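Could you slot chain B onto chain A? The hints should help.
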Amino acid sequence: MLKNIQEWIILLSIFAVVSLAANWIGYDVMPLSALPGMLVLVVICLAGLIIQRALPYKIPSVAYIAIIGILASMPWMPGSSTVVAWTSEVQLLALTTPILAYAGIAIGRSWTDFVKLGWRTIVVAMFVLLGTFLGSALIAEVVLRFQGII
Amino acid sequence: MSQVHLGIWKDWRLHVIVFLIVVFAEFIGTHEFSVGPGVVLLLPMLYALLIGLGLYFTPAVKEKQSKNAEPLIVLGVTLLIAKIGVVIGPSLPQIIEAGPALLLQEFGNLGTILLALPLAVLLGLKRESIGMTHSVAREPNVGLIMDKYGFNSPEGRGVMAIYIFGTVFGAVFMGLIAGFLATLTPLHPLSFAMASGIGSGSMMAAASGSLIGSFPEFENDIIAFAGASNLLSLSTGLYMSMLIGLPLTEKMYQLMTRNKAGKGQS
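For the record, the sequence lines run as chains A and B.
Per full-length UniProt numbering, the first sequence starts with residue 1, numbered consecutively.
Per full-length UniProt numbering, the second sequence starts with residue 1, numbered consecutively.
Just chain A, same shape as in the assembly (with noise of 0.2 Å):
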């Protein structure tokens, strides 16, 4: 277990220090006015991941992550505006480009099983992604009209 959270820390610190270089080139944001915010989402991280491997429960990492991230910066939470000022510093999209960065070198090995897939298949998937998109998109639409929400 104290094996797994020093890896896990230095894990969390390499990314943070990639997404904080993406933050600052891609949003002018500066590296150190993003820290306090980013060592807030790896301390929930952290603290996500240990729950999750303390308590004997079969649920997901994320979901116990998520749930920590809400409860931190709910309006009713004390402290909760520090933490929302904070790491409303960090942008979303800074920290999707090194996970892409990472998914690109990783998916690397599946391109041969893509290549054989055939067009059919591509075609076909286009649509499945599509599909659930649009279903999802027009459901959402009808209900939040209805409420009187958009």
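Some hints could be false.
The calculated lysine-lysine pairs, modelled on DSBU-like cross-linking and capped at a C-alpha distance of 30 Å, are [as the list claims (entries may be wrong)]: (1) Lys10/B with Lys62/B; (2) Lys148/B with Lys116/A; (3) Lys62/B with Lys58/A; (4) Lys116/A with Lys10/B; (5) Lys64/B with Lys148/B.
It should be emphasised that the hints constitute simulated quantities derived from the structure, not laboratory data.
Computed from a predicted model, the values in this text were never measured in an experiment.
Frame of chain A; chain B shown alone:
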């Protein structure tokens, strides 16, 4: 993520390469171009994915880096989820208010059956089309099909094919179409934000990222709704396809192939 792969942090080659990719991608920045009435947004994350993929075929990246990169995607997604969590928190009252829309749009995943299954059958695919179109074919859905039909079944091959496409190109595809459709159609960006949460962290990030790029005035609402919807999809997706998606696909497939056979005889 509970099984940690010890020693990945020592793979400096990998981290330096990723750092350089990210710096380069962010330096190019966001570009957009119009196709008809819609706008296609090219975001740094899309270049990062494609550059990473390209580098795999150069001597810079070896098999080892590619293997080590995999658990790091998961770790990166945890950081992303933490960020989404702290955006959801302040918007909690709004999300509760929009709750019915969030819950009901989960049924939108069935849109994939209505749109893609007829197309698959039309293209001449057989029982593969059941595996291909019953859901968006993320990990839980692959598990469900393997469990029910077996790995070497046509259904199993179908679900794997879509899984591979989604893994390689899902994020790029969603990133490109999300902003485009949101600018092209009269639907509200928030409806598309909810639709972005299809149960895959990277696809959700790409789709909502494009939406933010196209509608920066809704940034926090987009993150909050897409994030909440994705969490909901992750927890209900398996049951959705098990109880509704897969039985519906089977029924529709039988109906469609029977009609086809009837026509062939006459």
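Against the structure, the hints come out as follows:
With a C-alpha separation of about 15 Å, the suggested pair lysine 10/B and lysine 62/B falls inside the 30 Å cut-off, and the hint holds. Distance restraint check for lysine 148/B and lysine 116/A: the Cα-Cα separation of roughly 25 Å lies within the 30 Å cut-off, and the hinted pair is therefore satisfied. As the CA atoms of lysine 62/B and lysine 58/A are separated by approximately 34 Å, the hinted pair breaks the 30 Å bound. Proposed proximity of lysine 116/A and lysine 10/B is contradicted: the alpha carbons are some 34 Å apart, above 30 Å.
With a CA separation close to 34 Å, the supplied pair lysine 64/B and lysine 148/B exceeds the 30 Å bound.
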